[in-house]
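Visitor: Each chain is listed here by its residues.
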Amino acid sequence: MRRPALVLLLCALPVAIAACARGETQTVLRFWAMGRESEVVTELLPEFERTHPGIKVKVEQLPWTAAHEKLLTAVAGDSTPDVCELGNTWIPELVALKALAPLDARIAASTGIASADYFPGIWATNVIGGSTFGVPWYVDTRLLFYRTDLVRDAGFPDPPRSWSEWQRVLAAVVAHGSGEHYAILLPLDEFEPLLALALQQPEPLLVDGGVRANFASAAFERTLDFYVGMFRKGYAPGVSSSQISNVWTEFGRGYFAFYISGPWNIGEFQRRLPPELAGRWMTAPLPGPDGPGASIAGGASLAVFGHSRHQDAAWQLVEYLSRPSVQERFHALTGDLPPRRSAWESAAIAGDPYARAFRDQLERARPVPQVPEWERIVQEMRLVAERVVRAQLSVHDGARELNATADRMLAKRRQLTAEGATL
Amino acid sequence: MRLTRATVLVHGALVVAAGLTLLPLLWMVSASLMPAGTSSSYPPPLWPDHPTLENYRILFARAGVGLHFLNSLIVAVAATGLALVFNVAAGYAFAKLEFPGRRRIHQVLVAALVIPAQVAMLPLFLMLKTIGLVNTLGGVLVPYLAGIFSIFLVRQAALALPDELLDAARIDGAGEFSIYWRIVLPLLTPILVTLAVFTFLGAWNDFLWPLVILNDGDRYTLPVALASLSREHVPDSELMMAGSVVTVIPVLVLFLALQRYYLQGLMAGAVKG
Amino acid sequence: MTRGQAGLLFAAPALCILAVFFLLPVCAALALSVTDFDIYALADLRNLRFVGLRNYVELLSRPLFWKALGNTLYFTAVGVPLSVAASIGAALLVNSRLVRFRGFFRTALFAPVVTTLVAVAIIWRYLLHTRYGLINFGLGRLGIGPVDWLGNPHFAMPSIILFSVWKNFGYNMVIVLAALQNIPEDLYEAAGLDGASAWQQFRHVTLPMLGPTLLFVSILTVAGYFQLFAEPYVMTQGGPAQSTVSVLYLLYEEGFRWWNLGMASAVAFILFLMMFAVTALQLRFGRGAET
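Protein chains in written order, with the numbering used here: chain A, 1 to 423; chain B, 1 to 273; chain C, 1 to 291.
Rather than coming from a laboratory, the hints here were simulated on the basis of the structure. Errors might be hidden in some of the hints.
Straight-line distance between alpha carbons at most 27 Å, and here's what the computed DSSO-like set of lysine-lysine pairs gives [what the hints assert, rightly or not]:
no., chain 1, residue 1, chain 2, residue 2
1, B, 129, A, 98
2, A, 70, A, 412
3, C, 67, A, 412
4, A, 412, A, 98
5, A, 70, A, 58
6, A, 70, A, 56
7, A, 70, C, 67
8, C, 67, C, 167
9, B, 129, A, 58
10, A, 70, B, 129
11, A, 98, A, 58
12, A, 70, A, 98
13, B, 129, A, 233
Stretch-level coverage of chain B by chain C, calculated; a stretch enters the list once three of its residues show a Cβ under 8 Å from a Cβ in chain C [unchecked claim]:
no., segment
14, 4-14
15, 32-43
16, 52-65
17, 80-93
18, 135-148
19, 214-226
20, 236-244
Only a predicted model underlies this, so the values are computations on that prediction, with no experimental measurement involved. Where a beta carbon is used, it is the ideal one built from N, C-alpha and C, also for glycine.
With the rest of the complex left out, here is chain A:
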């Protein structure tokens, strides 16, 4: 009976084909990138391939919403790419999975990448247990995008600086406008706005070295109450981003006047808003409980996977994309903000009025806890917040439930830490 052999052959065929493709003399780098960056980065690659003959880069575009899931699946299935764009909050998770290659030796030997040139808060998110696992690609913090005309018409010439001021502006915008409209868009499927507000509080979100949740604190409850209040008072529609078919169109129509978002939207707003909206919107730092507040020290890093057989080539790509000149082009294409001070000195970025608020906000950017469970905890935070917004839970019960769930998620980490494992 030759049938089993036939099956094995058929099953092995795709593997064999893949292996042959790899066996060519040319190195094909598999590079995973997300969202808008993944589209734009293809414009930067021809120059890399020209200056690095023998290396071809194959970009795979992942939607941000599916990226985390796909990365973990790749690690679990041993099918990781060579080099990848990573949200810097995911680095602890991938390091716990032993998926990333440590880069310290390469950084020390590199002439182009000097850690001192990077914003220290952002660089630190890539260092786990003393080793560096990523090189920051761009910085990302969340702040206000707002319609200057609508806010001015409502009687406020300047953007709000504190929560109480912000409340007054939101109330005025809702009262002033006409047609179906709100003051602010806080999509229920995004955790970032609430997270940014929560980081403004002095209380940390996790305690005891990141093994216990601290969401039952009075400070977090205040934040949740403020966030939920924006929905309860009718300033924000209780919708998720998939229900807003097109954020830019609706922002242009005045369906909402404030939107909490990140730097990539500078480029998107410039590209996608109708021309008559030019000069009628601006960015502003995020208001805090009493005066200008903190926000997330986010961003994306470039990391090399430990399973990659082309780590040298992958590192060359990382070095290339980190060059200040390439970063300036990247900024021009996306609006994404470079993590290097030298790149910020370029005229294009220094003169960009929309980037100014980000520069200011970055001074008050706070990192999120560096634990592998963070992504899951923060998703749970979003789900609980959604239920509170929909009045299925009270603010108090929501905070307590979140705390209990997060504590449960951290149980294994507590156990391993207690046993003295190095995590």
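Since the structure of chain A is provided, determine the placement of chains B and C on it from the hints.
Guide: Quick look at chains B and C alone, frame taken from chain A:
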């Protein structure tokens, strides 16, 4: 008079029902021909004012749907071929060839019917990981190689084969394999076609397992690619409709061509139950 | 080669595949469900512990599990009767002696069954759009205000049920149709002679004769509806407010999103036990009704 009124009523109800089932599919085709952005307006257009194939061009040129189509085709064809090889032989053996432990094994298989496939999914992933089949089309194929339902479907049909025919062949000195090849398979042709259509449609339409086992965008089958595209391109409804057309039309055509076999298989399964 | 040897040889390949790729993983899943296999264990097997029934206990104490269970039961309890009723209604219509173009109508009503679930779920996502969807447009014409189908926690599951009925009823319709055609004509003639109305004929002749078929159909449909996954994955991603998270969706999230394979295996076994129990109940109820 009463007769005509009843006739009108019955046909009216059928037309409404058929309209409800077909309308979404017709709208899919129509919207796929609309220029980008025009279907999301109020009132929603039913028909494109300026039909265009631009969405299909973007789909194949930029989103690489041709590759996904090929992946789906490879998976569905290979799954169908392999399923035929394994299940038909086994189904025939269970019907006509007494072998040690047959009754016991048959009972085990009947009992195993109630286990949902998803129970096996998690360890299967880990198993395929150790043999390097994760993220390959070969890995997608594994669950289709043999199926209890398929074996029983063939067994049911094979039971109806007359024993005298097989015995006569044996008396003539034919070997078991040549009996299977020359007599059994030709007689089972209708059920083979049924099984082939079922497996092909099942493999083409399946979502959860390929979603789990495939990670590389280039290897995605159409449904997985479509789901991934639909998360990325929420506002591009026309593009997504073009993708749906490309995914749905092949199976619809296949069904229309072979519907007699498909429906027979469906009813055979029901009668057996 | 004896007939027995030939039988073994013919059956062996399929049986080996089933043993290796199905029965073995099922047993492994049971083993996995009493461990804490998670990303720490994925990185280093020394981080794997035996935890007994802790996954099951913990699962039963989680609000999300109960929510997923409730959603799945809601989907099944409303979806299956609707689906079966639609199948019977459609089969009766298509089977009517008055119908012309029977083949066309049967094919038209069956078409959604063979379509790709993911693709048609995407179509429906646009049809159900609050502002630009055809469904709200049609309702608007009837004077019914826009319904936020997929964005409102109260309407999301009904939307998915509606979609599933549309997608699935044709399958059972064909089976019921076959059963209808097997009902001897003289039963109706006799009932007609007794002066039974159309409804009485349906109630006292058709339904009893369909009994075994309906039992079969409802067992299959319940088993299928318990495995709700792709609809919420594509249409709502489990939202809004987790109102469309099903048990299988929970399994996927635990297992393949967060890689808690131990916990996910426990979910898989609970799903299995539930389906087993419901099928057994239906069989018992069905047999009781027959005698």
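Visitor: Against which earlier hints does the structure fall short, listed by number upward?
Guide: 13, 16
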